[in-house]
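Chains as they are written, first to last, in my numbering: chain Y, 1 to 432; chain B, 1 to 339.
Treat the hints loosely; a few may be bogus.
Said to hold, decoys possible - Where chain Y lies over chain B, by a calculated footprint (3+ residues, C-beta under 8 angstroms):
(1) 143-150
(2) 157-166
Unchecked claim - Far from chain Y, by Cβ distances over 10 angstroms, these chain B residues were calculated:
(3) 95
(4) 245
(5) 311
(6) 334
What the hints assert, rightly or not - Label pairs and their computed distance ranges (CB to CB):
(7) 171/B to 407/Y: 51 to 59 angstroms
(8) 170/Y to 102/B: 30 to 38 angstroms
(9) 171/B to 338/Y: 30 to 38 angstroms
Derived from the structure by calculation, the hints contain no laboratory data. None of these values were measured; they are calculated from a predicted model. Ideal Cβ placement from N, Cα and C applies to all residues, glycine included.
Here is what each chain is made of, one letter per residue.
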Amino acid sequence: MNVHSRQWVRAVALGTALLMAAGTGACAVNDHGSVSVLAIWTGDEQRAFTTILDRFTARTGIKVNYTGTRAVSQVLATDVQTGTPPDVAVLSSAGELAGYARRQALHPLDQSGMRVAPPQRTLWRHVEALGGTVRYAVTVKATLKSMIWYRRDHRFEVPQRWEDLVRTGTAAPGAGAGWCLGLEATPASGWPGTDWIEDILLHTNAEAYQQLSAGTLSWSDPRVQAAWRAWDQVLQTIAPPGPARDPMLKASFDDADRTLVTGAPAACWLDHEASFVAGTATSSASTAHHDVDFFPFPDAGVPGAPDGHRSWEVSVDLAGMFRDTPQARQLITFLASDEAQRMWPTVSSTAFSTRPNVTYTSEVGRRIAGILTGGATLCVDPSDLMPPALTDAFYGAVLAYAHRPDRLTTLLDQLDQVRATVRDQIIDVPCG
Amino acid sequence: MAGDAVRRPGGMPTRIALRWLLAALLVVATLVIATSAAALAAMRRTAGDYQQRGQPSVAAVAAARQALVEADLAAVNSLTGHGGTLVGPGAAYQNQVSVVTQSLARVAEHNVAGTAGSQLIELVDGLLVAYTALIEHADAYCRLGADCPLGQVYLAYAGNLLGDLLSQLDTLRKTEDDAVTAQLATGGTSVPWVMAWVVPCLALLVLLVLGQVFLRRRFRRRVSPALAVAAVVLIAVVAAMALSVHARRQIGSSREQLAAANTTWHDWQGRIHGRRAATGSDAVDQAAAQAIQLSGDRAARAMAGTADPRWVAGGTLLVAALIVAGLIPRIEEYRYRSR
């Protein structure tokens, strides 16, 4: 072989090597695959979540196809039934996830090869195991409830007992109306009312709350009936039963929150709402007229109980794996990681981690996080633990009761009938 | 004559020049056969895909959207009127919901947007379940008579969800439409594909003319009949292919009709905005249905308008055969002659 031929051979060899390297590189970029995620978040919440998903993509090279819809339960049910579930779905209802786990549509975590950071608190471990012993979900973020938000420009004495709270809402200081309340949250309208009833029961009779949550107490129990009737005392301060309550039934809960933060001075100034309001206050900063703060739901049983021993209702967003793929496993692991948990306060002021040592910029945010991660007793929202049939019936009963409180006995009987049909599906997660 | 044809001072020997000319013509003719066959196949594939999948999927999304708006109107009209206690949301609502589900099934069947389209279809399916559940709630309360005001509340919730549904259907329509645009941009009717067969055809035509000039100069013949016929057949092939390009315009027109139908429905919905209990939409439906029908016709015409591949293949092979028939006798004349 002469010199000229050798040069040709080298050139061809070099070219082939370069082409193979380029091909390998291209494969390396595409080989990471993708993961589909379904969750309830749209708008600002979707933007916050996708920022976290972007970090996941940057870390792993895995592309995330996110779908956000408020009809997440219906979409997920359709997807599972047609055999095309998303790889990962995020739901706030452990009861709903438990239904999928029973049908083996949800994959258990902590399988070989999966190293998902375990939660430190027993309560979260119970929730992530959906009331059982096998871990099926990871907590993406948490929401604190049992909060009464108010405008700071109103002067009043923080109520310590239920009667004080009702009086505070009725005798509004200044020209302001009392409660901001909207029950619309399509397609889960009614849940703002269920939070009221649950909170009243939790803070008047914690034992009855636990029993109702576990499905062992009749809805017609006098303590439960008393909670419903107590809520009507608040509703009476807003409007009498019947058509006068239609605006409240049709108003969305987030419109009520916005009214608290940005409404006219004569608008409502008290809002029984979860920690989302912290986000409403921030996102409405440019138009906000009112600085808001919160006080705890009055603990009628133990007046003036210190915060450290107070009971708070909470809800969590849980991510479950509906397709066991390497990409889904990596995403679940990432969402439970310290890195993702520490990101939440940087991307959203409505999101709180269940982990300690996460930094929050606002003073209100730090207080909420302190309650979620401190020594207070936390109780998971019972409507998140119920099977969907009972949860939906509870939402429906709240709307019907708000419209016509005289039908309470019938409504509670109907709830008991639904409970009887799904009793073995109710999961028990004790407060802790 | 022959002496003159053997070699021109400073020029290439005639026999070699003839062989080069033949080789060049056959190479370019082969290229024409290959590119025209490939381009025509791609053109028919594009027109076929559009007729069988692209057009039906976009049309079905538009139809689903309109049927949903009409279902909602029917439900509101029925449940807010006195008939609510007797017939619930009514037969018109049931029929329109049926049209929505059938249309969504058609979109799923013809989906051109791949995974993105499938995800949106599943999302719309789920939202539709939630929407119909709310209408059923409204129906249940309205049938009780005294509780119909609560039914109206559920009807308002359904109206809120309707906004989400329509927005997702708009996204689905755009996703399917964008996928069609992407297919057309790289399909057989796209400019790169047209250039892929036009350039070799023109090159062959130029070579045939040069061949005529060459033969006229070297052999003092006015015209080579075989090459002349080859040029005419080639022009016929180009004309047939050019007619196929017309499919592109038909597809464009079909898409315009689809957009017109969609706009007609959107405009109507804009006019009734805030008045869910509006009057019927028969005239609007008729205009939109005509536009969709026209769109389908244009799509069919686009497919039918593409040239028959057998004729084009036969024509290009005939061109090659005529080239051989025109030049081989001239080359043969030199086989036993001294140069």
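Hints numbered earlier in the text: which of these fail when held up against the supplied structure?
Those not satisfied are hints 7 and 8.
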